[in-house]
Amino acid sequence: GAGVSQSPSNKVTEKGKDVELRCDPISGHTALYWYRQRLGQGLEFLIYFQGNSAPDKSGLPSDRFSAERTGESVSTLTIQRTQQEDSAVYLCASSFYWGLSYEQYFGPGTRLTVT
Amino acid sequence: SQQGEEDPQALSIQEGENATMNCSYKTSINNLQWYRQNSGRGLVHLILIRSNEREKHSGRLRVTLDTSKKSSSLLITASRAADTASYFCATDTYMDSNYQLIWGAGTKLIIKP
Chain A
1 GAGVSQSPSN KVTEKGKDVE LRCDPISGHT ALYWYRQRLG QGLEFLIYFQ GNSAPDKSGL
61 PSDRFSAERT GESVSTLTIQ RTQQEDSAVY LCASSFYWGL SYEQYFGPGT RLTVT
Chain B
1001 SQQGEEDPQA LSIQEGENAT MNCSYKTSIN NLQWYRQNSG RGLVHLILIR SNEREKHSGR
1061 LRVTLDTSKK SSSLLITASR AADTASYFCA TDTYMDSNYQ LIWGAGTKLI IKP
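Protein chains in written order, with the working numbering: chain A, 1 to 115; chain B, 1001 to 1113.
Please keep in mind that the hints were generated in silico from the structure rather than gathered at the bench.
Each hint should be verified, as a subset may be incorrect.
Pairs of lysine-lysine residues, derived as DSBU-like cross-links and limited to a Cα-Cα distance of at most 30 Å, are as follows [unchecked claim]:
# : chain 1 : residue 1 : chain 2 : residue 2
1 : B       : Lys1108   : A       : Lys11
2 : B       : Lys1070   : B       : Lys1108
3 : B       : Lys1112   : A       : Lys57
4 : B       : Lys1070   : B       : Lys1026
5 : B       : Lys1056   : B       : Lys1026
6 : B       : Lys1070   : A       : Lys57
7 : B       : Lys1108   : B       : Lys1069
8 : B       : Lys1026   : B       : Lys1069
9 : A       : Lys11     : A       : Lys57
When you get a sec, could you build the whole thing from the sequences and use the hints?
This is the structure we're talking about:
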C-alpha cells in the first residue's frame, strides 16, 4: 500500500515569507507526527495529532509554527515569517495509534531552505 | 530539547564484524524504539522494546534495555554494507503533563567492505 507522502520535497523561500508543508498519512492511521531534523542531528518533535483530539503543540518552537489536520487525513505544517534557523528537513510520520507502542512510518521529508 | 543521547557519534567497522551502539536517556520511559536512517530509504523502524522488557531480538538485531541505568544498546551482528546508516533511539515519556517524544542525535555507522 501507499506510504506516507510529503510535499513539496524541496522548498526554497526567502526570509520572512510563509511556507506550508503537506503530509498525507497512511490510510487508517489515527496518529500523525511532525518532526524537524537539522543537518547531522536527530529529530526534534514538533506536534502530534491523535484522531479528532486537540493536538499536542508543546513541541512547537515558536508561535510562528502551526499545524492542522483534517480528521484523520491530510495535515499541513505552516511556518510564518520564516527565519534562516528554520532551514531543516521536516519529517512527517503516522502510526496506527499515538505513542511509541506503535511503529511510526515516516515520509521522505520536505527540505526547507530559507535564504 | 533533546535528551536522548547515542554513543558513539560515529562508528566504522569492517563488514562481518559486530556493531554496538548505545542510547542513554534522562527520564523514566514507557517505550524505546530504534530507527535507521539512510539516504535510500529514509527513516525506518527497527525494533520496539517496552519498559518492562530487558531484551529483544529481530534477525541480526539485538536490543537491550536497562531502566536502572536509563540506557539501551543496539547490537548488529555480522554487519553488511547495507547496514551503513545513522541509527537513532527514541523514547516516550510524560513531562510536565505533556507527552514527549525524545530522539537522540544518532550514531553514524559505516561498514567498510
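Going through the hints against the structure:
1. Lys1108/B / Lys11/A: holds, 26 Å
2. Lys1070/B / Lys1108/B: holds, 21 Å
3. Lys1112/B / Lys57/A: violated, 42 Å
4. Lys1070/B / Lys1026/B: holds, 7 Å
5. Lys1056/B / Lys1026/B: Holds. Lys1056/B to Lys1026/B sits at ~22 Å (cutoff 30 Å).
6. Lys1070/B / Lys57/A: holds, 27 Å
7. Lys1108/B / Lys1069/B: OK: Lys1108/B and Lys1069/B at ~23 Å, within 30 Å.
8. Lys1026/B / Lys1069/B: Holds: Lys1026/B and Lys1069/B sit about 9 Å apart, inside 30 Å.
9. Lys11/A / Lys57/A: With a Cα-Cα distance of about 24 Å, the restraint between Lys11/A and Lys57/A holds, given a limit of 30 Å.
The structure shown violates just one earlier hint, number 3.
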